[in-house]
Amino acid sequence: MKKLTLFAFLLVLLSLVVTGCRQSTPSQDTGAFKVGMVFDVGGKGDKSFNDSAYRGLLRIADDFEIEHTEFEPGQDADRETGLRKLAQAGFDVIIGVGFLFSDSMRSVAVDYPDARFACVDFDARPNEQLPDNLAGLIFREEEGSFLVGVIAGLKSATGRLGFIGGMDVPLIHRFEAGYIAGARYANPAVSVTVGYAGSTPQAFADPAKGKELALLQYGRGVDVIYHASGNTGIGVIEAARETGNLAIGVDSNQNYMAPGYVLTSMVKRVDNAVYAVILSALENRFEGGVQELGLAEDGVGYAVDDYNSELMTEAMIETVETVRAKIIAGEIDVPRD
Amino acid sequence: MSSPRIPGMATRVREIAGAGKIADVVAPLVAVLAAFLVGGLVVAAIGENPLTFYLTLFRGAFANADSIGLVLFNATPLIFAGLAVAFAFRAGLFNIGGEGQLYIGSFVCTWVALQMPGAPRVLLIPVLILASAAGGGLWAAIPGYLKARFGVHEVINTIMMNFIAVGLTSYLVVAVFKEAGQMTPQTATIPIAGELPRLAYFFQSLGVPLPAANPLNASFLIALAAVWLAWFILRRTTLGYEIRAVGHNASAAEYAGINVRRTLILAMLLSGAFAGLVATNEVMGFRHRFLDNFSSGIGFMGIAVALLGRNSPLGVLFAALLFGVLNTGALEVDLFTNVPRELILVVQAVTIILVVVGNEIVQRRRGRGATLAHRSEAAPIDQDGSAEVS
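Chains as they are written, first to last, in the working numbering: chain A, 1 to 337; chain B, 1 to 390.
Just so you know, these hints were derived from the structure itself, not from any lab. Only a predicted model underlies this, so the values are computations on that prediction, with no experimental measurement involved. Among the clues, some could well be false.
Said to hold, decoys possible - One-sided excerpt, in silico: chain B residues whose CB lies under 10 angstroms from chain A:
| id | residue |
| --- | --- |
| 1 | Leu70 |
| 2 | Ala175 |
| 3 | Met183 |
| 4 | Pro211 |
| 5 | Ala212 |
| 6 | Phe286 |
| 7 | Ser295 |
| 8 | Gly297 |
| 9 | Phe336 |
| 10 | Leu345 |
Stated by the list, open to error - Label-pair distances were calculated between CB atoms; the ranges are:
| id | chain 1 | residue 1 | chain 2 | residue 2 | range |
| --- | --- | --- | --- | --- | --- |
| 11 | A | Ser280 | B | His153 | 55 to 63 angstroms |
| 12 | B | Gly167 | A | Asp306 | 38 to 46 angstroms |
| 13 | B | Trp228 | A | Arg59 | 51 to 59 angstroms |
| 14 | A | Tyr256 | B | Ile192 | 49 to 57 angstroms |
Unchecked claim - Looking from chain A toward chain B, a few residues come up when the C-beta cut is under 10 angstroms (computed):
| id | residue |
| --- | --- |
| 15 | Gln75 |
| 16 | Asp76 |
| 17 | Ala77 |
| 18 | Glu80 |
| 19 | Thr81 |
| 20 | Arg84 |
| 21 | Lys85 |
| 22 | Ala89 |
| 23 | Leu100 |
| 24 | Asp103 |
| 25 | Pro126 |
| 26 | Pro170 |
| 27 | Leu171 |
| 28 | Gly198 |
| 29 | Pro201 |
Glycine included, every Cβ here is placed at the ideal spot set by N, Cα and C.
Could you build the full structure based on these sequences and the hints that come with them?
Written as structure tokens, this is what we have:
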């Protein structure tokens, strides 16, 4: 036993010597501009919502001298604790990715008036006054969803469309409502089958469930499914590829994930919003309060690239662009729920 | 497996057991140190500095009053969950339904609080504590009854009851009790009279600089009381004696005139009540409402806590504190080093395994006499037994 302990101790000592010179902790007081990002359920690597936010952070870190750190809370109470620790460590901008941070953001922002906070998909209360150092970013997903609804309505051969949501909450209902309205706008005869992966945050991180729901809908003659389900949607796209049908991606551009089987993606420019909010803080013109980002602000849109150019005809794009202009001009009223 | 009575054995065993107390403290400590060594190797293996890793970990847990407050806060629900598992274990029951029980306890607590908007603090707080315990307890009593009445194994039923509890509370929160117009799946807040005070002001008055934002609250004191209560019930009451007797040998207990069915059900009821008390921290002390899916596995961590604490209430307390240190430190490591979050989980798990294994090795190496002492200590009908029944 003693020998074993000694041996282990020596090993660790050795490893300390080997790695000791390497400095891995970002030093705490370099005076650099520091940005902390805290992720939502599903987390970094969801190829969707969180990754979009992360891309925005990486982009601005490329363009300016910024130190950044990011983490994903392991337990519920860590959300608030994590935000607090970042604020205590002197981070200039702290970004919570996802509506589950709304409550924690409200209380932490008040306690640390020198730090600037931004919450993506903020769960605003009616007529809420936010502190000056808290920006609640809200996207008008229904507008982008309307556009991909139009595309789906034009594209569908069977006239049957599907929608798969992650968590059954008002936020996702916005995607659903816009999508259905858009599809009906393009083709009043379409029917839309709606499914949700669940009623808990876990519903955004369950690709198996997503695939199961999608296979069910494709089996019933649906040929285009729009998913608004984060990581769960990976399963929906997988199902589209397997059955030879079409899926519509969400949040990030997911066209590349199964070329030829992803019709388009409703891109929610979380990356742009994150970039913009950090930039505003860098340039000392950060403003608190709820900010809504729709088609007009380039907060949402649809994606056309090499991966789906064969699926989208010129005529389709033309129609969608007309619709887009009409929404921006206020000529089309997009429902929110 | 009552050991044969050999004349003079009782005294000898007691002597060794006394000596064993030191080993009981030293063994886990040695094991924890060994675990840190191995954890360091894991960190070094991915090219990060183990020294930085541990310095950050311990800075996160012990740097100042705030960190220590967080350790105690994080340990609080684990104390309850650990007690739940340890208590049932003493009756020979493996209650892995702590997760479900704490959800139901928390939901019942919230629901009762929302029904009593005008109640004064002196009434509401005791009522809510009882509601939490009752919710968890009754939920656990169902598999307890099924075990006692039909002999259905409690493991399968407590697992199933977990699914039911999580699904049921999710449904109720999202479909019935969700705050209007909000996306977050949570209920409205409970009345202020039902909130447990945070301990920051108390500590500040003692000169300890615990920031007001620190979430440590009076639930921690309830957890300490629960540790004492679990010990008291097990060691100082007839019911506790019966529970240990049934856990030791149900047939013998029955032969001795103990109502085994009643004891099993009561053991599960009390076990679930401890789990339900997690609500005092989550609902009454911290969030002041029920948030769907808040637990993320506290009930399951309770199993590890109980085993690490050798199923003794005091052991559970220390095991929960160790977990509190690891969880609190892990957040710091996650935030301020390049060690990926997954690796922190690995180090945590390795630590726990080594502590449990190391503990066992040290116990066994104490030889035959010591083994007997260990057994007699765990056995409910031991040489001291008669003195304990009052």
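For each hint, the structure was consulted:
no.: 1; hint: Leu70; in the structure: holds, 6 angstroms
no.: 2; hint: Ala175; in the structure: holds, 8 angstroms
no.: 3; hint: Met183; in the structure: holds, 5 angstroms
no.: 4; hint: Pro211; in the structure: holds, 9 angstroms
no.: 5; hint: Ala212; in the structure: holds, 8 angstroms
no.: 6; hint: Phe286; in the structure: holds, 7 angstroms
no.: 7; hint: Ser295; in the structure: holds, 7 angstroms
no.: 8; hint: Gly297; in the structure: holds, 8 angstroms
no.: 9; hint: Phe336; in the structure: holds, 6 angstroms
no.: 10; hint: Leu345; in the structure: holds, 8 angstroms
no.: 11; hint: A/Ser280 - B/His153: 55 to 63 angstroms; in the structure: holds, 60 angstroms
no.: 12; hint: B/Gly167 - A/Asp306: 38 to 46 angstroms; in the structure: holds, 44 angstroms
no.: 13; hint: B/Trp228 - A/Arg59: 51 to 59 angstroms; in the structure: holds, 56 angstroms
no.: 14; hint: A/Tyr256 - B/Ile192: 49 to 57 angstroms; in the structure: holds, 52 angstroms
no.: 15; hint: Gln75; in the structure: holds, 5 angstroms
no.: 16; hint: Asp76; in the structure: holds, 5 angstroms
no.: 17; hint: Ala77; in the structure: holds, 7 angstroms
no.: 18; hint: Glu80; in the structure: holds, 8 angstroms
no.: 19; hint: Thr81; in the structure: holds, 6 angstroms
no.: 20; hint: Arg84; in the structure: holds, 6 angstroms
no.: 21; hint: Lys85; in the structure: holds, 6 angstroms
no.: 22; hint: Ala89; in the structure: holds, 7 angstroms
no.: 23; hint: Leu100; in the structure: holds, 6 angstroms
no.: 24; hint: Asp103; in the structure: holds, 7 angstroms
no.: 25; hint: Pro126; in the structure: holds, 6 angstroms
no.: 26; hint: Pro170; in the structure: holds, 5 angstroms
no.: 27; hint: Leu171; in the structure: holds, 5 angstroms
no.: 28; hint: Gly198; in the structure: holds, 8 angstroms
no.: 29; hint: Pro201; in the structure: holds, 6 angstroms
Checked against the numbered hints above, the structure breaks none of them.
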